[in-house]
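Undergrad: So the chains spell out like this:
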Amino acid sequence: MTQTDDPILEVKGISLSFGGIQALSNVSFDVRRKEIRAIIGPNGAGKSSMLNCINGAYKPQEGQIVFEGQVLSDVNPHKMASLGIARTFQHLALFKGMSVLDNIMTGRSLKMKSNMFLQALRIGPAEQEEIRHRTFVENIIDFLGIQQYRNTAVGTLPYGLQKRVDLGRALAMEPKILLLDEPMAGMNVEEKQDMCRFVLDVNDEFGTTIVLIEHDMSVVMDISSRVVVLDYGKKIGDDIPDVVRANPDVINAYLGTEH
Amino acid sequence: MGFFIETVFGGLMAGVLYSLVALGFVLIFKASGVFNFAQGAMVLFAALSMARFSEWLPLWLGFENKILGNLLAFAISAAIMLAFAWLVERYVLRHLVNQEGVTLLMATLGITYFLDGFGQTLFGSSVYRIDVGMPKDPVFIFENVFPGGLLVSKEDFYSALVAAALVAVLTLFFQKTGTGRALRAVADDHQAAQSIGIPLNRMWVIVWFVAGITALVAGVIWGSKIGVQFSLTLVALKALPVIIIGGLTSVPGAIIGGLIIGVGEKLSEVYLGPALGGGIEIWFSYVLALFVLLVRPQGLFGEKIIDRV
Numbered sequence: 006m007t008q009t010d011d012p013i014l015e016v017k018g019i020s021l022s023f024g025g026i027q028a029l030s031n032v033s034f035d036v037r038r039k040e041i042r043a044i045i046g047p048n049g050a051g052k053s054s055m056l057n058c059i060n061g062a063y064k065p066q067e068g069q070i071v072f073e074g075q076v077l078s079d080v081n082p083h084k085m086a087s088l089g090i091a092r093t094f095q096h097l098a099l100f101k102g103m104s105v106l107d108n109i110m111t112g113r114s115l116k117m118k119s120n121m122f123l124q125a126l127r128i129g130p131a132e133q134e135e136i137r138h139r140t141f142v143e144n145i146i147d148f149l150g151i152q153q154y155r156n157t158a159v160g161t162l163p164y165g166l167q168k169r170v171d172l173g174r175a176l177a178m179e180p181k182i183l184l185l186d187e188p189m190a191g192m193n194v195e196e197k198q199d200m201c202r203f204v205l206d207v208n209d210e211f212g213t214t215i216v217l218i219e220h221d222m223s224v225v226m227d228i229s230s231r232v233v234v235l236d237y238g239k240k241i242g243d244d245i246p247d248v249v250r251a252n253p254d255v256i257n258a259y260l261g262t263e264h
Numbered sequence: 017m018g019f020f021i022e023t024v025f026g027g028l029m030a031g032v033l034y035s036l037v038a039l040g041f042v043l044i045f046k047a048s049g050v051f052n053f054a055q056g057a058m059v060l061f062a063a064l065s066m067a068r069f070s071e072w073l074p075l076w077l078g079f080e081n082k083i084l085g086n087l088l089a090f091a092i093s094a095a096i097m098l099a100f101a102w103l104v105e106r107y108v109l110r111h112l113v114n115q116e117g118v119t120l121l122m123a124t125l126g127i128t129y130f131l132d133g134f135g136q137t138l139f140g141s142s143v144y145r146i147d148v149g150m151p152k153d154p155v156f157i158f159e160n161v162f163p164g165g166l167l168v169s170k171e172d173f174y175s176a177l178v179a180a181a182l183v184a185v186l187t188l189f190f191q192k193t194g195t196g197r198a199l200r201a202v203a204d205d206h207q208a209a210q211s212i213g214i215p216l217n218r219m220w221v222i223v224w225f226v227a228g229i230t231a232l233v234a235g236v237i238w239g240s241k242i243g244v245q246f247s248l249t250l251v252a253l254k255a256l257p258v259i260i261i262g263g264l265t266s267v268p269g270a271i272i273g274g275l276i277i278g279v280g281e282k283l284s285e286v287y288l289g290p291a292l293g294g295g296i297e298i299w300f301s302y303v304l305a306l307f308v309l310l311v312r313p314q315g316l317f318g319e320k321i322i323d324r325v
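Residue numbers (our numbering), protein chains in the order written: chain A, 6 to 264; chain B, 17 to 325.
In isolation and in its complexed conformation, chain B is listed as follows (with noise of 0.2 Å):
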């Protein structure tokens, strides 16, 4: 039983990685109707503009501490996204409004493969670590509860908390704020929301930042985790079958999607893997998605799509 909960908890903080990705796609397609591809690359440029500046700005400007020089990184890292978004709309989306989804999604591909060149140009190739001082070790817990207690990585607990207050603010942002009503109301219905005077351009702006932010804080906790490099883009691809299950139109859906997917992944592995060779981790949540979309095409949370013919 111990292990089985062990399992659960390890999903469940891993999961919570997969939402914030996840979280960034749902909040570009629901207001500007755009499956953006470039939410991995996002995270991968984020994660290496966030690593090297933690590293060059102490040396630039001759400082020790190290809180500072990450504070200082993430808010230029920050800045960066936002510009990154104020490019995206002036230079790519402004000129596509009213295009095929399909149109749109390729103008994603090209900012994808212009984001993780440009990326590496910009901040080098290698692998790069991020240090914001996450603990690595583990620790027991319940130890009374269960024989041997529960391993748990203090890392992926804090992780998952850093996560957990980023949702609450973007909720509370959605939630509570004009700027967030008018997000909201463009993402139901553009024509009606322009008419009223919400002016579409800078929402799509805001939107796209605060994708990048997300992204950002995505990157760092993996980077943390597992160092920056270009496998951080495959994590977008894990991603989609989030997307799938929770339902593209549902913020709620893109965290639980997350979840299910943390756990499903861990369990089978654990459970099944050893009956069927091993490596299900892999596969498991395409499956899975796939499963969704034969089932509950929309996804467990997503708008029903009713036509007229």
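For reference, chain A alone in the conformation it holds in the complex (with noise of 0.2 Å):
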């Protein structure tokens, strides 16, 4: 982790509200350049609502998303992707027909530059294209380790692959920055551990930036370089982790207080 002080991402004092829910309240916070941000809060505390506003999918009411430095107004998921903002999702949102090695190439969607005709009949520049984007498709798979199941429909492997499958087609569209939503929810031990080895590797290899999202305190706690504490839509606690494990707060919002 070779992190530098200038934040990639910076949110500014959003809000975001459903109806008379109010899910965020003048949150803000910032990540640096090739750091682990992790997110944390109890279950409701508006974890996934900030992810969704960080990826375009919600548009909060108030407040900027400021990305390597520009304000970025007008968003949506397609023009986040577009930017490098890369997520996965917490219930898995994969395309269950298609076989990993189609799941995993549709993250280079972005980067197809040739005319579909030419794809089709496999000439000239889209043959050398097609070629480049599978080699590349075919490290993400070694590097995660799921070579066998290349032609495997997604919808039939267990939970924990397809949650790999899901980290490989994020991967796979080369972002500066992965948002991760509970990548480890719902693993036991052993594909937690794996889990964290990926998040570390792809942080250390490629130099992604990282921001997680976990309810589990302990795994956050081991790898991230600064945690962002939410609990009902504020924010609690922002520091790294020795200190925010410390925070009275975070301690009541996590154990609950007494009355």
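If you are wondering where the hints come from, they were derived from the structure by calculation, not from laboratory data. Being a predicted model, the structure only gives us computed values, none of them experimental. Wrong hints could be hidden among the right ones.
For each label pair, taking beta carbons as the anchor points, the in silico distance ranges come out as [what the hints assert, rightly or not]:
1) B:Phe307 x A:Asp147: 49 to 55 Å
2) B:Leu250 x A:Glu179: 23 to 29 Å
3) B:Lys170 x A:Tyr164: 51 to 57 Å
4) B:Val311 x A:Glu143: 52 to 58 Å
5) B:Leu121 x A:Asp11: 49 to 55 Å
6) A:Ile26 x B:Phe307: 44 to 50 Å
7) A:Asn193 x B:Leu103: 48 to 54 Å
8) A:Tyr259 x B:Leu306: 43 to 49 Å
9) B:Gly243 x A:Pro163: 54 to 60 Å
10) A:Ser20 x B:Val311: 38 to 44 Å
11) B:Leu121 x A:Ser20: 34 to 40 Å
12) A:Lys101 x B:Leu177: 33 to 39 Å
13) B:Phe20 x A:Glu143: 31 to 37 Å
Beta carbons: idealized from backbone N, C-alpha and C, even for Gly.
Hints given; two lone chains; assemble the complex.
TA: Right, dumping it as structure tokens:
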């Protein structure tokens, strides 16, 4: 983790409500280049909403998202993806009928330049482009250790492997920032360790900035450089793991206070 | 025996055309979750455009060549279907994203009536001919296998070939191109497709255009067979039992469903008709579809819907 102080992403005063429910109120934090930034909090704290705002799926009523020094306005997931923000999903959103290889290949969609008629006929530059993307994707498949499932339909794979495919598809986009929505949810200890290793390796080898949501505190504390804590849509803590762990507000949020 | 095979043959060839229309339904349903009631109107509209432009172009531009006229008319009609796809996405679908299925269905009902009316205003409402040089005369084949041989309509045979070629091209497109892969991705999960940078709006235009092309090909084939007239839209009603039988989300299902309906219709008409008093062809497919709904609601090839309760 060779992080720098220069922030790649800044979230400024974000407020989001659905009708009468205030999902986020005035949340601000920044993400530095190449760090692993965690967002934690109890259920319903607004973690996923935060991620959906960054990814452009939700439009916050107030506040700004600043990416690489530019204020982003009128965002949508497609625009954010083309800027280099990739994400995985808490509840898997893979293309179930398609093979592992095809799923990860879809991550290359934005990088495909050649005309679809040339692609169909596999002529000239289209052929070379396909080979180039295919090589890239094969490397990801090797990296995630899912070679033997390459041609298996994703829907038939066990949950832990599907989570890896989800990560692979996001990696195929060569993102600048990778948003992971509870990558370890529902996993056993061994699978969690594998996933931790992948996250650390991605950060280390590709220098990808990672924003990670998790509600399992122990996992987060081990791998992240800084942690934001949300509770009922408000930020109640933001610091390195050791400091956050000692923060009385955070302890209250997780264990409940005496009234 | 010869007669039986002849009947099956005739059924298969009618079935191929049902498949084509059903394919249009399935493509749009898979990619955008819209049950497109306007598919039949699209068939009529495309056929009208083809019929009229192949008549008008030689007059306007002063040439006699029929092949050139047909090719140009086909290209113009394809361009019109592309414009139609773009308009539908821009002015209808885009504003109804994430609405209930029923809302979308009603929207396509609106599109249906608009297309029916607009098409006839633009192109006229009489019966028109499409002449793409289909041979009309039937031939006898296998004369040394069966006594008297099998009577096969050449026209049906070529239609079936064209339809099969179209299906082959579509399969290639969906399986082998990046765009096809993106379309399959959109069909599986909108949200995920968007988050990896697949532009939903463009995909919808593409898929409505592809459905428009299948409508155009179906329209040209039917039109050259029975003339371009309002009753072409009724073909779409025949496609409903096809997709119920094949499954609303399955491309192979649409094709096989169409063939089953085509053959079933002809066989029932010939073999059950005399006993039940004829006219079976008209309702047979619906009864078959009803039966499939009772036994296997997702269709023969559709995805089983499992809901958490």
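Undergrad: What are the numbers of the hints the structure violates, in ascending order?
TA: 2, 4, 8, 10 and 13
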